[in-house]
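Chemist: Residue numbers (this note's numbering), protein chains in the order written: chain A, 771 to 892; chain B, 8 to 518.
Everything labelled a hint here was simulated from the structure, so no lab data went into it. Some clues are possibly wrong.
The calculated lysine to aspartate or glutamate pairs, modelled on EDC-like cross-linking and capped at a C-alpha distance of 20 Å, are [what the hints assert, rightly or not]: (1) B:LYS72 / B:GLU54; (2) B:LYS72 / B:GLU434; (3) B:LYS28 / B:GLU54; (4) B:LYS72 / A:ASP868; (5) B:LYS72 / B:ASP49; (6) B:LYS28 / A:ASP868.
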Amino acid sequence: MTAARSRVTTPQTRGGLGACVGDAYLDSGGVSTALGNLPGYLWSAANGINNSGQVVGYAQTTHGNGLLYEAFVYTGGVTTGLGFLPGGNSSAANGVNDNGQIVGSATNASGNTEAFLIVVAS
Amino acid sequence: MTGLGFLSGGTRSEAAAIDNKGQVVGNATDSSGNPQAFLFSDGAMTELSALPGDVSSQAAAINNKGQIVGNAVVPLGVQRPFLDSGGQMYDLNSLVVNPPASGLGIPGGSALTQAAGINDSGQIIANGDYSAYLLTPLQGRFVPVNPCRVTDTRTSPGPFGGPALDGVSARSFAVPQSACGIPATVQAYSFNVTVVPQGPLSYLTLWPAGMTQPVVSTLNSFEGNVVANAAIVAAGQNGAVSVYATGPTGVILDINGYFDATAGDSFYAVQPCRVEDTRRPTGPLGGPSLATGETRDIPVPSGPCGLPARAAAYSMNATVVPTGFLGFLTTWAAGQPQPFASTLNSWTGKVVANAAIVPAGTNGATSVYVTNPTDLILDVNGYFAAPGRTAGLTFYPVVPCRVADTRESDGGPILAAGTTRSFTIPESGCGIPSSAAAYSLNITVVPDGPLSYLSAWPTGSPQPFVSTLNSFDGTVVANAAIVPAGSDGAISIYVTNQTHVILDINGYFAP
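Pulled out of the complex, with its shape left as it was, chain A reads as follows:
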C-alpha cells in the first residue's frame, strides 16, 4: 500500500489472540477452543497464527525460579514446547509464517534476551 493512504473504518475492539490471560484459545467460526497447556505449565498465551492455523505463543511454568516461559507451537490439536537457546532457560514465540518458521525471543547463555528462529513442520 505504500504511500497509499488509509481510511479509518469502524473501531475494532482489542483482544483476540495475544491478549488472553489464562489458557490460549483458538477461536474459529465463533467457537473458542482451548489450546491446552504444556504439561507442568500454569498458563499460556498466543501471539501469532499462520494461514494453516498454526498458533505460537508461550507458557509459564508452575514452579519457576522467577518468571520462566517456554515458547510453544500448536499444530493440528497438539501443543509442543519449542525449547530454549543453548544455555538459556526462557523463550517466547511471537510469529509464525506459512512455512512453519517461528520467531520470538529467548534468553541465551549470557542471560541476555536474543531473537530466535526455529523451523517446525508446517
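With chain A's structure known, arrange chain B on it following the hints.
Modeler: The following block gives chain B in isolation, referenced to the frame of chain A:
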C-alpha cells in the same frame, strides 16, 4: 532453536514476526541501549531507519510484500506508528485521510500511536486514543460522470461559491454535498481545475482535506491567465478536498468521474496514440478545423488506437491550436446534454493542452464544443471499461508527492534540447510499488525559452507521436498525464527544447 544475534554494539534482541520469505522483524538494542526496529534478512540483522528524531522503535509485523509496521518513540515519550513500504518510512498518521479525533491533548501527539499488524492486502491494525483501528488502503475503480461543475468561487458566496481564494488561506469543498450527486463513500475524484486569477499566480495545490498540505503543485499561471489542468485527488475528511493558491484567484472544479472501492470500471493502458487531429485532411478523425460555437462528435473507437467499443471512458490529452481567443473547450459523452463545464481555455490564443477523462457516449463517441475557431488534437493513453477477458487495473491514490525536480541539486541537470531522460518512478522515494502498471502524474515544465512540446511514454517502448504539453511562449506550464510504466517501472520524457521538468504523482494503477 537458533539465535539471530544482535545489532552492532547491542546486547538484546526480540523477534516479533516473520514473512514467508523468512524475513524477520523485531527490535534490538543499539550501542546506546535503546531498542531499535530491525529487519533480519539474508542472514543479517539491520536497523530500520524509523521516523525522524526517534529515540527508539520496534517493528511489530511484516507482510508478504515486505511491508513492515511498528511504532517509534520520539522525544517527550510521544509514540508514533510507522509503516515501512518500498524502503520508505512513513508516520501512519500522515497517510490517513480521515483520522480519528486526535491526540489525547498530548503536545505533538497524534491520533494513532502504534501499528500492530499488517496483512498482504496492506490492511493495518493500529492503536491510539484508547481504541483500536483498522486502516484499509484506498483503491478504486472509475465511475464516469458527465462533466459537472462542483464549485465556482466566482459565483455568490456559499460552500461551493465565493469567496475567491485570497492567497493566504486554503478553502475546502465537501464534494459529496455539491449538486453533482457524488456519493459520500468514494475514494478519489477526477477533476478539471480552472483558475481565473486576479494577477500572477505562482501555483495552486489540490489535496485531500484533513491532511498536511503537500509540497506539490497542480497548476501555474505566472502570467495571470485563465489556466486549467486535470487532477485526480483522494477524498479527504468528509469527502472534502482542499485548495490553496498563492495569489487571489477564482477557482472552478469540474468533476468528470470518481474512483469507488466497490463498483466501477478498470483501467486499461494503451500506448499513447493520436486519435483525432483536425489539421489532417477532412474525415471523421480529421479536419476541418472547428468553427465558432461548433459541436462535433468524434468517433473515437473507429480510430487506429485499439480502443474497444465497450470502453466507458477515455483517458485523453486534448490540445487546442486556436486562431485567436478561445473561451473554452468542453468534452462530454456523445448523446448526453452538453454540460456546463469546461476542459480547457486559451484566452491568449496560444497552444494549450490538458488531460481529460471523457465518458464514452453513443457508439463510443465523444462530443466536443468550442466557443471560437480552433484546431483540436486528441491523444489517448488508456480507457476505462468493465473487466473483460483481460483483467484491468485498479487505481491506488497516494499522498501527492514530488517524484522528480530537475531544478534541485539532487534532481538535475536540466533537460537539454532534443533529449530524452528516463525517470524510474518506484525509486523516487514516493513509495510507489514496482507492481504499478501506470502512473497518474502532473508534469510541469519550467523552460528556458520556447518549448514546442514534451512527450511522456513507457521506457523501452518506441517514442510515440503524441505530445503531453506545450509552451511556445516559454512560460511555466503543467499538465496531468497517465503514463504506463515501462522497463523497471520507468517512464521516458522527451523535450524539444531546454527545460526543467517537475514530476508530481497522485496515484498509480496496478492489478
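Chemist: So which hints don't hold here, by number, going up?
Modeler: Nothing - there is no hint that the structure violates, so all of them hold.
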